[in-house]
Every structure is written in C-alpha cells, then in structure tokens.
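Chains as they are written, first to last, in the working numbering: chain A, 1 to 317; chain B, 1 to 299; chain C, 1 to 398.
Hints are supplied without guarantee of correctness; some may be wrong.
[Stated by the list, open to error] For each label pair, taking beta carbons as the anchor points, the in silico distance ranges come out as: (1) B:P65 <-> C:A322: 23 to 33 Å; (2) A:K76 <-> B:A6: 33 to 43 Å; (3) B:P65 <-> A:I282: 34 to 44 Å; (4) C:E129 <-> A:K76: 19 to 29 Å; (5) B:Y166 <-> A:T301: 29 to 39 Å; (6) B:A6 <-> C:E259: 41 to 51 Å; (7) C:D361 <-> B:P144: 47 to 57 Å; (8) B:P65 <-> C:E129: 51 to 61 Å; (9) C:A317 <-> B:I10: 48 to 58 Å.
[Claimed, not checked] Here are the simulated EDC-like cross-link-like pairs (lysine to aspartate or glutamate), alpha carbons at most 20 Å apart as the crow flies: (10) A:K155 <-> C:E128; (11) C:K360 <-> C:E164; (12) C:K318 <-> C:E272; (13) C:K305 <-> C:E171; (14) C:K153 <-> C:E171; (15) C:K368 <-> C:E355; (16) C:K318 <-> B:D120; (17) B:K136 <-> C:D280; (18) C:K131 <-> C:E339; (19) C:K153 <-> C:E348; (20) C:K375 <-> C:E164; (21) C:K106 <-> A:D25; (22) A:K155 <-> C:D103; (23) C:K131 <-> A:D25; (24) B:K136 <-> C:E306; (25) C:K375 <-> C:E355; (26) C:K131 <-> C:E374; (27) C:K388 <-> C:D103; (28) C:K232 <-> C:E199; (29) C:K180 <-> C:E231; (30) C:K375 <-> C:E339; (31) A:K279 <-> B:D132; (32) C:K145 <-> C:E357; (33) A:K76 <-> C:D148; (34) C:K342 <-> C:E68; (35) C:K368 <-> C:E398; (36) C:K368 <-> C:E313; (37) C:K131 <-> C:D103; (38) C:K318 <-> C:E68; (39) A:K155 <-> C:E164.
Hints were generated in silico from the structure; no laboratory data involved.
Here a beta-carbon is modelled for each residue, glycine too, at the ideal position from N, C-alpha and C.
Listed below are the residues making up each chain.
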Amino acid sequence: MKKNNILIFIGFAAFLILAPVISPDQYITSVFVSFCIKIILLTGLNVILGFAGQMSMAHAGFYGLGAYTAGILAVKLSLPPLLALIAAPVAVALVAFVLGLPSLRLHGNYFGMATLGAGMVLYLVFGAARNITGGPNGLMGIPAFSLAGHPFSLKEIYLVIACFALLGLLCINNLSRSHMGFALRALSVSEDGAASVGIDAFRLKLSAFVVSGVFAGFAGGFQTFQSRFITPETFAFFPTVLMIIAIVLGGGGTQWGPVIGALLLTVADELLAVYPDLKPLILGSVFILIVLRFPGGIIGTLGTYMAQRQEKEDPAS
Amino acid sequence: MNGLFANTIIQVIFAGLTIGAVYSLVAVGFSIVYMGTRAINFMQGEYVMIGGVVAGSAYEVWNLPVPACLALAAGAGVLAGVISEAITVRWMRRPSPSGITVATVGLAVVLKAIVMIATDRKTFAFPPFTGDTPIKIGGAALLPQTLWNLGIVVAAAVLLTLFFRYTRAGVTIRASADDAETAKAMGVSLITTVRQSFILAAVLGTIAGASLTPITLISFNSGTLLGLKGFSAAVLGGLGNMYGALASGLIIGLVESIGAGFISSLYSNVIAFAVLLFVLFVKPAGILAKQQGWDHEKK
Amino acid sequence: MKTRTHIAIVIPVLIALLAGLAGSAVKVDAAGAPSQEPIRIGTLESVTGPPAYVGDKMKKGAELAVEEINNAGGINGRPIEWFFYDPAGDTETAVIQTRRLIDVNKVDAIVGGGSQSGIAIAMAQIAEETKTIFIATEGAREIVKPSDGKLRKYVFKATINDTEIAAKTLEYWKGQGVAKVGFLPDNTGFGQPALQAMEEQAPDHGITLFVETFDTSVTDLTPQLSKLAQEKPQAYFAWTASPAGVVFLKNAKQLGLSENAIIQNCFGFADERFMEQAGDAAIGTFVTAPKLPVYDELADSDPVKESAGKFVETYRAKFNEAPNLYAAESYDGIYLVAEAFKRAGSTEPDAVARELESLKDFSGAQGKFSFSSEKHDGLSASEAAVMKWDGTRFTFVE
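So that you can see chain A by itself, here it is in the shape it has in the complex (with noise of 0.2 Å):
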C-alpha cells in the first residue's frame, strides 16, 4: 500500500512539473499556480481542521497575512523578496500562536468562534489601513520575485510554487504517519480518551494551529510574489467557507483530501467562469449533500466503497 501511494505521488508530481512546462499558454501556467497555491492552502487547513478536528474560520486572514506581510516589506521595506517570503510564514505562525493559545484551552466551538473574529478583523483591517495596505485598491508595484539579481518568469515561479506543494505534502505525509499525526487524530475523535492516554491536546493543537498557519503565510508569499497585486476581497468570509467547502469535499484528514479539494475549486473556478450564476449554487449544493450524507469526502466515501467491495470479493480476509 505504501509502495502504492509512492508511486501516485511520483505521478502526481511529475505531472505538476511537467504540464506547464510542456505548455506555450501562460493561461494554463497561471491555472497550476493557483492550484499549487490552493494545495498548500489546504493541506495546511487539513492539519488543524482535518486532522486535528479543530473548525478554524481564520485560514483566508492568515493567507492574505502572508500575502501582505511579504507585498509590505517588499514594498515599503524594499525587503529582498526571499526575506520577505521567508518573513510571511513567521508572521502568520506567531499570530496563530498569540491567537490559540488562549482560544484552544476552552472547550467546544470557542476556538470557532475567535477564529471566525481574527478572521475577520484581518480582512478588515486589509481593507481600512490605507496607509501601509494601499486599502481596497489593493497594494501596487510589488517587484517580481528575484534571486541573486534574476528575476523570475511566472514559470519559474510556478516551478518554485509546485516544488513547495510537493514538498509540504511530503511533510504531512510523515506527520499523519508520526505520533503527532496518531496523537492529534486520537484527540479529534475524542479529547478526554485521548487525555487519557497521555495526550497533551492543548500544546498538541496549539502545535497543529501554529503549523496550518505556516502553510498559510507561504501560501500568502506566493500568491504576492506570483499576482504582483493583492486586494482584500480575496480574503475575506467567503474564501474561508470556500477552503472548508474544499477540504470536506475533498475529505479532511486524508492526505490526498486537500489535493482533491484544490482540485475541484480550480476545475470549477476555470468551467464555471462562464456561467457565474451557477457557480455558488452547485459549490453550496454539493457541499450540503456531503456533509449530511457522506461526512468523510470523496476519498472517505470511495475508500469506504472500495473496501466494503474488497471485501465481498474476498469473504476469507
């Protein structure tokens, strides 16, 4: 099975490389950026959302944190952009940790709720501190990414984007096979079992919050350094019920969910371009069928499927 799962991972990531590469379009190219974009986004919402069963409604403000951060000190700063990259992931994860630590000691939704306020006041504040974030015209003349002088095509920055998706994950491969990765699925099935055992959950959530966070200021970097322009809009409520939209769908706390559900948002953004109408109402429709009557996702669903067939062709294992 592991052997199995090498392989669709060397697919996967041969394909991610290639396809735009092989491509004249820089249509097609800025299609895989956003979807890379989207796969970190995810896979870091999978690990406190999916595999730590905590509802975080803060995922859009963290990207657009990571966004800002780096288009700020590029911009204002004249940060090189490398440091500025590497300094959007660093403030996003020491918000979170500022943000969970008193909201992840309390029990039931309130860790939803200052979630969905953090959220919110970012997106806000994007929007209100004109000054430093140029406001909802958004923040102009974000140099293009550069190394040692070179500045990037958007190929090369895709290539940058799509090695980091695989990278992270690879990361999130090896966590949900660790203690961690046990650990933090004992607590989302049941936090006083898992106490039982032994199990830290605050300081194990608290590591889980912090780390999705990460994923999300990097996510944010790259979108900057990727679009050369930000405005609000793109993090506000919304985006954040379209993440969670995606991971469900995809299934949470799967390693391929987040892939999956970036998946589906980009085919629909790209299919549903030309009929906007339609886009919310079939998003919200397919969601709504999934979290009443198959909570697990397509992959939980089609594993649960593949199982339950496996084991009418074979009744002796």
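Starting from the known structure of chain A, arrange chains B and C on it as the hints suggest.
Coordinates of chains B and C only, in the frame set by chain A:
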C-alpha cells in the same frame, strides 16, 4: 462642550440604537438555535436579508400596505426556519453540533445564490413603518423608525420571556438546552424542539430585516456581515443567554456608532469583531452571562 | 488500509477535466454564422460578488452593443465573437481569466475591467505586457496611467475621470457661493482616488474640505454627517456607487441638512432606481455626471442627443428596464473599440491603439469621446454636467 458637539453625541447614540436593535434580534436568534442544538446557525444573517427582500419586493411589486408586507416577511421567516431545520438537521445522517454548523454555512451560500438570481441582483427599499418625519430632540433628529426598532426589541424580550416560561414548546427548548439527555429521557421530542427553535430564530431575523430596510437598502449580499456582527453580540452576551444577546446587540451598535463618529469611520466594521475576540480572551462565557452552564475551563 | 488505491482513479479523472479546459471556452455569442474570420472581444465584469449590481448593468451594456454591431453586419463585414467571464470581484480570479481571454480565446481586445477599479488596474498590467487592447469601464485614473509611471500604450478608459467630475462640481459650488464642503468618499477604489482629486482641486476654487471616509456596508451615516455639520458646510458631497449613497440622502434629510446646504452625489448615482429608492429624501438633490441622464434636454444639434437616445431606447427594448450610466460605459467601450478596428482595417494592436488615439468627438451614449497620445481617458471634461433629481427624473442644471 458646545451645543453642536452635544447634538453629535445624541445623534451618534440614536444611530447606534437603530442598528443595535437589529443586531439584538440577530443575536437572540443565534442564542435560541444554540439552546436547541448547540450549533451556530450561519443562516441567521441570511434571514435578515430574506426579511428585507421579501418585505421590499412585496411593497414594490404588489404595492401591499406596510403591515401586510411585514406579515409576509414573518411568514417567509417561518418557511426559512422550517427549511433550514429540515436540511441541516433532519436530513443529516448523524446530526452533531459541528455538523449542523457546517451545513448551515453551505445552506447560506446556496440561499444567497438563489436570491441573487431571483432578484436579478437588485436592491430593495421599504418605507418607514410610520413616516420619516424626524422628531427633534434638542438639535438632534430621531427617526420614528428608531423607536419602532427599539420597540420590537422590547416586544421580543417580553414575548420570548412569556414563551420560554409559559408555553410547552418554550419550556422544552429550555429543558433540552440545560440538559439534552435528561430531557430526552423524560420523553421530550428533541426534533420538534429543534424545529421550533429554528422557526423562532428565523422569524426574529426576518422581522429584523424588515425593520432595517427603511433605514438602508437590502440586497442578496447584505445578510452575511450583519449576521457575523449579530454573532459577535451573541457571544458578548454569552451564547444561549437571551437577555444577554438582546442587550449586547444594542451595546455593539452603540460602540460601533461611537467609533464611527469619534474615532474612525473606516475601522467601525472592525469594532464588532475586535469586541468578539476581546470577550473570548477575557471572559469567554460572555460579559453578561451567569457562570452556570458553561464548561469554559479545561476539564 | 485500502483508502489509497482509489486515489489512482480520482486524481487522473479530475486532472483530465482540468486539462480539457483549455479548449472548452464556451462561445457566448455566436449570432450570425461567421462567414468571415470574426473579431474576438472579451469582457470581464463581476455579475456576482460584492459589485454584482454594477457588473450586471455593465454586462448588459456590452451584450447590447455586440448584438447591435453584429446585426448591422459586424466590423468591416467581420462579426464580433464575444467572450464573457465573471471574476466575482476577486482580483486573483480576474488575472487568470484575463490570461484565458488572451491565451485561449485569442481575443483582439478586452472591454470591461471586472467592475472594480482595483481589478481593472491588475488587468491593465497584463494587457500592457501582452500588447492587448484593453478598454476599461471603471473609473480610476491609475488604470491608464500608473501613479508612478507613464501612460500605458494599449490601455484606454471609456469612463469620465474623477478629476473632471470634481472640477465641474467645484466650479458649480463656487458659482453658488459655497466655501465649506462636507465630503464623504467611500473607502473603495472608486471613492479614494476621488478624495485625492478633490483635495488637489478644492483650494484653487477657494473651497475648504472636511472629509469623512466611510465603508460601503454602512447602514447609518448620521454620526459622520452630524460631525461634519459642526463645521457648518454649505454643501455635502457623497462619492460612492454603493447603496450607501441612499443612506447618505436619507440621513441628510433626517438631520435637516438640505434646508441650508446643497446635497450632492457623484456619477455613481446617475441611476434612477437608487434615486427612486431614496424616495422623498432624494428630491432636490444634485448629481454630477456625464450627460446621459438628461440627454433629451440637449440641443438638437448635439449629436449625443441621438446616440444616447438610441442607447436608452434599444436598452429598454432588450432588457425591459431603465439603463444607467454603468451600462452606458461598457456599451461605449465596445463601440469605441469597434470603431478603432474599423478604421484600422486590421486587428494589429499598434494600429488599433493609434486609431483609438486619433478618435475625436466620437459620440457615444455617455457623451463625446476624444483621445490623444497623451490622453487615454476619452470622455471630455465638457461632458460632465450638474443635474438635479425632481422625484421622477433628472433635469439639467449646468
């Protein structure tokens, strides 16, 4: 302090109470559904939008008198409550608070899309219930609609008290909020309880929408932010605490208005959420909540 | 343990879908079987998301213009093939859709910048880099000329400049003896550049500005208005295209400000529906806008009377609703680019840009357009007018 400045202060208070009344009704809606299900109903803001759109279009398209439009808005609330409960609770395979919460997020997305298509993205207006001749108080002007909105909040407080104290349905909701297991053991049908709480919350929301529309315009997009602010008020009052929610709505409205008038109109939207964060960090059971019934410390 | 085998099925299926997208762009308008190679025009307007109301009108205006031109035999006999996408108010989406128009649909021109100035600015960058003719239907000056750079060669604007609306309004106030003004711009890409324009010009007219910026989601502006009232201004001016403008009118009436001050809105409110919804509060208020709302009061010799009249008539016939300025902006955008294609006799971007720059006194639905190599925002200053709402319609004032 000169007279003009005093006028501004009074005016700012009026403005805060007008919108605060709407937040109150939204907040109490969150609390009622929370009592019934322990879930957060993200449809609450959309109920406000529906109330405004239904009242506004009944007025514009059929030229109905204002009371008839209000009745239609309330009726739409009943329908919206029944539908929300059916979709997010009844049809769920294994209803859980977080499952219901997530399902209401999806339902809000779908509902918004439907209203957007059905209304062709139009904005709707609705006349003040009793004219718009302002009442002069000193140099400040009070709109009759502000009095209506406050009156509705007071009426809601009285009616909800009676409902929770003296009707079977009300007592059931309270009982299941306090202890769902015992209530179940005593033969209370939780499904009916949950439906009633959704209907109640939705009707309060649509009435809030109909009383907001005279002071602004409503379109498919208006509900989400109002809902989230109302939610902040509900948390401030302590989720599940009815009177806390009603009072907190007015508080949030006032703080927001004072912020817009004297600090910065740009950051006024941030205030409600900053308050939410502050309360969660400092006193998570809500500043107006009694301490009982909350497992807010780590077990 | 079996949960991973099926990924081998799911991922390729979804990827095949994604890969198939490149060629899957749906042709929205294929009216009139193309006997000749069509001219491809792409449009991005946000018909969903926050700017949906504006975007919807803009889409309808463009759709009407494309239909009219195709029914009249196209551009030099070549029909227009029209592609439309909805960025839903999101810049990130708009950037991808712009690349899709350019790379996949191979459009010869783009008309419409997503219904928000911020989006149009992002699109302008791409259009300039790829040498694609782009006519924005949004207001900000920075679309055609970045604040720190030089005029973009391939980017034009079918809307009036906020500087010209500001100039006209200030001039009118000066004539009315106004010295102090309470100014309320919204915090969007529409209101904020206007604030800059007003601050630059007001001193020249001997006018002092008192400013209160507000968010478009505002439901009550009485705190801001009564704060401004402390300065006793002789005019209040709101700059927004959102329903908050109605709140402004209602609150101004509530506070009795209209009794001794001018209440004025910018061209975002040259919209009958908004004015009707403000009810009594709107009567007697002023709007500074291009002449479209008062086209029937223009002199018969003014060609705009005919071009605007035709637009109002055909728009009503097709959509069964009153047109507004937003619809006129995209309608004019399509006609402008069609005229340039016609004169250039080709779709070669440099030639088309040259022809656009040489357009003079081109009469559209909003008024007369004149471009030059220094001026890519074509609607002339002379096309701005002050008008007054009398409860049922706008009347020409100055």
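Take a quick look at whether K318 (chain C) and D120 (chain B) sit within 20 Å of each other, Cα to Cα. 15 Å, holds
Verify the CB-CB distance for K76 (chain A) and A6 (chain B) against the hinted window 33 to 43 Å. 41 Å, holds
Can you confirm whether the C-alpha distance between K136 (chain B) and E306 (chain C) stays at or below 20 Å? 49 Å, violated
Need the status of pair K155 (chain A), D103 (chain C): alpha-carbon distance at most 20 Å? At roughly 15 Å apart (the allowed maximum being 20 Å), D103 (chain C) and K155 (chain A) satisfy the hint.
Quick check on a hinted range of 23 to 33 Å for P65 (chain B) and A322 (chain C), using CB atoms only. This hint holds: roughly 26 Å between Cβ atoms.
Holds or violated: K318 (chain C) with E272 (chain C), Cα cutoff 20 Å? Status holds; Cα separation ~18 Å.
Is the hinted pair K131 (chain C) and D103 (chain C) satisfied, with a Cα-Cα distance of at most 20 Å? 12 Å, holds
Straight-line alpha-carbon gap K375 (chain C) to E339 (chain C), limit 20 Å: Measuring from Cα to Cα gives roughly 18 Å; hence the hint holds.
Please verify whether K145 (chain C) and E357 (chain C) have alpha carbons no more than 20 Å apart. 15 Å, holds
Straight-line Cα separation of K153 (chain C) and E171 (chain C) no greater than 20 Å? Violated: K153 (chain C) and E171 (chain C) sit about 32 Å apart, past 20 Å.
Would the pair K155 (chain A) and E164 (chain C) pass a check requiring their Cα atoms to be no farther apart than 20 Å? 42 Å, violated
Distance restraint between K279 (chain A) and D132 (chain B), which requires alpha-carbon spacing of 20 Å or less: 40 Å, violated
Going through the hint list in order, the structure does not satisfy hints 5, 6, 13, 14, 24, 27, 31 and 39.
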